[in-house]
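K.L.:
With the hints as a guide, dock the two chains, each given alone in a separate frame, to form the complex.
The primary structure of each chain is shown beneath.
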Amino acid sequence: MTLLEAARALRARKISSAELTAASLARTGSLNAFITVMEESARARAGRADEELARGVDRGPLHGIPVAVKDVFSTRGVRTTCGSKVFADHVPNHDAAVVEKLDAAGAVLIGKTNMHELAYGISSSNPHFGVVRNPRDVERIPGGSSGGSGAAVAAEMVFMAMGSDTGGSIRIPASFCGTVGLKPTFGRVSRYGVMPLDFSLDHMGPLTRSVRDAAVTLEALAGFDPRDDTSSRELVPGYLPPEDPWLGGVRIGLPENFYFDGLDPEVAAAVRRMAQTAESLGGRVTGVRVPDIAALNTISRIILYAEASALLEPYLARREQFGADVLSLLEQGRLLPATDYVNAQRLRRIKQQEFRAVFKQVDCLLTPTTPTAAPRIGQTTLEIDGREEDVRLASTRLVRGINALGLPALSMPCGLDRQGLPLGMQIIGRPFEEPLVLRIAAALESTITQ
Amino acid sequence: MRLMKDWKLIAAGQGLNIPEGDLQKITQVLDGLEAAFRPLAASIPPEIEPAVTFSCPPQETP
Chain A
81 MTLLEAARAL RARKISSAEL TAASLARTGS LNAFITVMEE SARARAGRAD
131 EELARGVDRG PLHGIPVAVK DVFSTRGVRT TCGSKVFADH VPNHDAAVVE
181 KLDAAGAVLI GKTNMHELAY GISSSNPHFG VVRNPRDVER IPGGSSGGSG
231 AAVAAEMVFM AMGSDTGGSI RIPASFCGTV GLKPTFGRVS RYGVMPLDFS
281 LDHMGPLTRS VRDAAVTLEA LAGFDPRDDT SSRELVPGYL PPEDPWLGGV
331 RIGLPENFYF DGLDPEVAAA VRRMAQTAES LGGRVTGVRV PDIAALNTIS
381 RIILYAEASA LLEPYLARRE QFGADVLSLL EQGRLLPATD YVNAQRLRRI
431 KQQEFRAVFK QVDCLLTPTT PTAAPRIGQT TLEIDGREED VRLASTRLVR
481 GINALGLPAL SMPCGLDRQG LPLGMQIIGR PFEEPLVLRI AAALESTITQ
Chain B
12 MRLMKDWKLI AAGQGLNIPE GDLQKITQVL DGLEAAFRPL AASIPPEIEP
62 AVTFSCPPQE TP
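Top line first, the protein sequences correspond to chains A and B.
Sequential numbering from 81 applies to the first sequence in the numbering used here.
Sequential numbering from 12 applies to the second sequence in the numbering used here.
Only pairs whose alpha carbons sit at most 25 Å apart, straight line, appear in this in silico DMTMM-like list of lysine to aspartate or glutamate: (1) B:K16 x A:E387; (2) B:K16 x A:D405; (3) B:K36 x A:E469; (4) A:K94 x A:D183; (5) B:K19 x B:D33; (6) A:K181 x A:E120; (7) A:K440 x B:E60; (8) A:K165 x A:E387; (9) B:K36 x A:E400; (10) B:K16 x A:E393; (11) A:K181 x A:D138; (12) A:K165 x A:E400; (13) B:K16 x A:D470; (14) A:K181 x A:D130; (15) A:K165 x A:E393; (16) A:K94 x A:E120; (17) A:K165 x B:D33; (18) B:K36 x A:E463; (19) B:K19 x A:D405; (20) B:K36 x A:E393; (21) A:K181 x A:E314; (22) B:K19 x A:D470; (23) B:K19 x A:E393; (24) B:K36 x A:D470; (25) A:K440 x A:D372; (26) B:K36 x A:E468.
Calculated directly from the structure, the hints in this document are not laboratory data.
Excised from the complex, chain B in its bound form (with noise of 0.2 Å):
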C-alpha cells in the first residue's frame, strides 16, 4: 500500500509558515486529491506530452 504525502513535513520543508490548524484542513483536502489523483498519473503512457501553451516564435533580425 503506497502511504499519502505528509503534506505537514512538505510545508515545514519549504518553509511555509501555515497555522496548525489550516495546514490540518489542507492536509484532509489534499488526501482527497491526491487520492484521487495518483491512480490517473500511473495512467499516462509515456508519450503522452503536456497540454501547456509555449511558443518560440522566429525573431526578426535587425
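Isolated chain A, as found in the complex (with noise of 0.2 Å):
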C-alpha cells in the first residue's frame, strides 16, 4: 500500500491511524532499520490524528500516516544521535524544521531511522547501532547513508521516511532497496534542526514506495525558513503530477559520456528501456554531452571532506567513539589546505554555469542512481567491466556532484538484475523544476506498475 492508498483508506473510514501505527510499529523489529521507536508518542499522535478526521478536520495527505526521520532530524525530547558514539546521548531541546512541518500535517513519527555513521558513508553498517539490512537481500547493504530509511520504507514499516543527502544519501538507498527517493533543490526544504554534515552540500529529501507519494510529502515540506540562511523564497508550486502520462513536448537528455561507462550492462539496459518508454509517451529523448563530472565529483569531495572536518574537528580526539571509515575521511579533510577548499567553490561555480548550458538544450537528465545493484554487506570493491572499484566510490559516483549543483534529482525503480535485486535510475532537473521531474517520475512509474 502506497501513502496515498492509505490516506485514501483513512478518509473512507476502511482503517484508522491507530491500527495502521499498530500495524507500523509491530514491524520495526527488524533488518536493524531503526535507532529509537517511539511507540508511545505515536499511538497518542495516532489518535489524536483518528479524533481530528472524525471531527472534520483533514491536515492533508500525511493525516495519520505512519513516517519515520533518520536520526539527523532534531526531535524534542528525543535522542538524536546522527548514528555516532559521540552524540548518542544528545537530546535536543526543539524539533527540526522536517519534524514541525510533518507534525502540523498530522503525520504519526513513528521512529528514528538508522544510518551511516554521521552520514558520512554508503554502507549503512554502523559499528555503534548494527548494520542495517536490505529487505531485498539481507546479506546486502541498503545503501546509504540514509539506509534506515531506504530499508524501513522498502520493508513497508512506513509510508515515508525521511533522509539527509549530502553525496547521495537519499538516491542511492532508493536505488539499492527499490523505492522512489527525492532530493529536492538546495534551499526547498529546511535545514534547521538537522545535524549538519556539510553545510553547503546536505539536502533533506523524502524516501517512498511511489513518486506520487514523494510529491505529496515535498508539498507539506518545501517553503521558506528563516532559521536555515539558505531557504530558498522561491514560491512553492504544486508537485503532485497530474494523472495523463503524457509527455509531449518534454526534451529528456541521455548523457553520451561519463554515465554510462563503468555500468552494470543490466543497469545501463535497463535506464535505455526507461528512455525509449519516455519515448513512447512523447518525450523528446536526445543525447548530450554533459560537462567533466569526475572533475566535479573531485570538487564535491574536497568541499566535503574540508566542511566535514571543520565541523566534526571539535570531537576528533576521542578516536576511539569513531568507525574506521568515518574517522579516515575526517582525518583525510584536515590535512586539505585552505587553498584547495576556496578553489574547489570557485570551480564549483563554473561547473554550475557549465551546467546551466546543458539545461538550455534539454529539460532533464536521465541517469542510472548507481552503477550496479546492492553490493553485499563488508563488501569494499566492486568489480564492474573487468575493473575493481571501491564500493563507496563506485556507489556515489553519479549522483555526489548534483550535491555540488543544488540540482533536485530524484531516483526510481527502473527494473530488476537478474537476481531479482532492483535497480535504480536518476531524474536531474533545473532548479526548483520539481514538479518537471515528479511529472517524469510518474509518467515512467505508471508504466511499471501498470
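P.N.:
See the structure below:
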C-alpha cells in the first residue's frame, strides 16, 4: 500500500490511523532499520489524528500516516544520535523544521531510522547501532547514508521516511532498496534542526514507495524558513503530477559521456529501456554531452572533506568513538589546505555555469543512479567491466556531483537484475523544477506498475 | 614535474596524532585526489569567485 492509498483508506473509514500505526510499530523490529522507536508518542499522535478526522479536521495527505525520520533530524526530548557514539546521548530541546512540518501535516512519527555513522558513508553498516540490512536481500547493504530510511520504506514499516543527502545519501538507498528517493533543490526544504555533515551540500528529502507519495511529502515540507540561512524564498508550486502520463514536448537528455561508462550492463539496459518508454509517452529523448562529472566529483569531495572535518574537528580527540572509515575521511579533510577548499568553491561556480548551458538544450537528464545493484554487507570493492573499484566511490560517482550544483534529482526503480535486485534510475532537473522531475517520474512509474 | 604533497609531514606539522597505518591509507587517497584536483585548480580564471554563501543583512537601528 502506498501513502496515498493509505490516506484514501483512512478517509473512507476502511482503516484508522491507530491501526496503521500499530501495524507499523509491529514491523519496526527487523533489519536494524531503527535506532529509536517512539511507540508511546506515535500511538498518542495516531489517536489524535483519528479523533481529528472524525471531527472533520483534515490536515492533508499525511494526516494519520506512519512515517519516520533519519536520526539526524532533531526531535525535542528524543535522542538524536546522528548514528554516532559521540552524540549517543544527545537529546535536543527543539524539533527540526522538517519534524515540525510533518507534525503540522498530521503525520505519525514512528521513530528515528538507523544510518551510516554521521551520515558519512554509503553502507549503513553502523559500528555503534548495528548493520542495517536490505529487505530485498538481507545479506546486502541498503545503501546510505539514509539506509534505515530506505529499508524501512521498502519493507513497508512506514509509508515515508525522511533522509538527508550530501553526496547521494537519499538516492543511493532508494536505488539499492527499490524505492523512490527525492533530493530537492538546495534551499527548498529547510535544514534547520538537522545535524549537518556539510553546510553547502546537505539536502533533505523523502524516500517513498511511489512518486506521488514523494510529491505530496514535498508539498508538506517545502517553503522558506528564516532559521536556515540557505532557505529559498522561491514560491512553492503544486507538486502532485497530473494523472495523464503524456510527456509531449519534454526534452529528455540521455548523457553521451560519463554516466553510462563503467556500469553493470543490466543497469545500462534498464535505464535505456526507460528512455525508450519516455519516448513512447511523447518525450523527446536526445543524446547530450554533459560537463566533466569526474572533475565535479573531485570538487565535491574536497568541499565535503573540508567542511565535514571543520564541523567535527572538536570531537576528533576521541578517536575510539569513531568507526574506522569515518575517521579516515575526517582525517583526510584535516590535511587539505584551505586554498584547495576555496578553489573547489570557485570551480563549483564554473561547473554550475556549464550545467546551465546543458539545461538550455534539454529539460532534464536521465541517468543511472548507481552503477550496480546493492553490494554485499562488508564488501569493500566492486568489479565492474573488469575494473576493480572502491564500493563507496563507485556507489557515489553518478550522484555526488549533483549536490555541489544543488539541482533537484530523483531516483526511482527501473527494473530488476537477474538476481531480482532493484536497479535505480535518476532524473535530474533545473533548479526548483521538481514539478517536471516528478511529472516525468510519475509518467514512467505508471508504465511499470501497470 | 610537480612533486606530490608530503601528507605525513603536513600531519606532523599540524600536530595531528594519526597512527602510522591510518596515515599510510590516507596518503594514498589524498595523492589521488591531489592529482585530479591540481590541474582543475590551475585552470580557474582569476575573476571567478567562490560559491560560498555569506550574507550581510541590514541591522535594525534601536
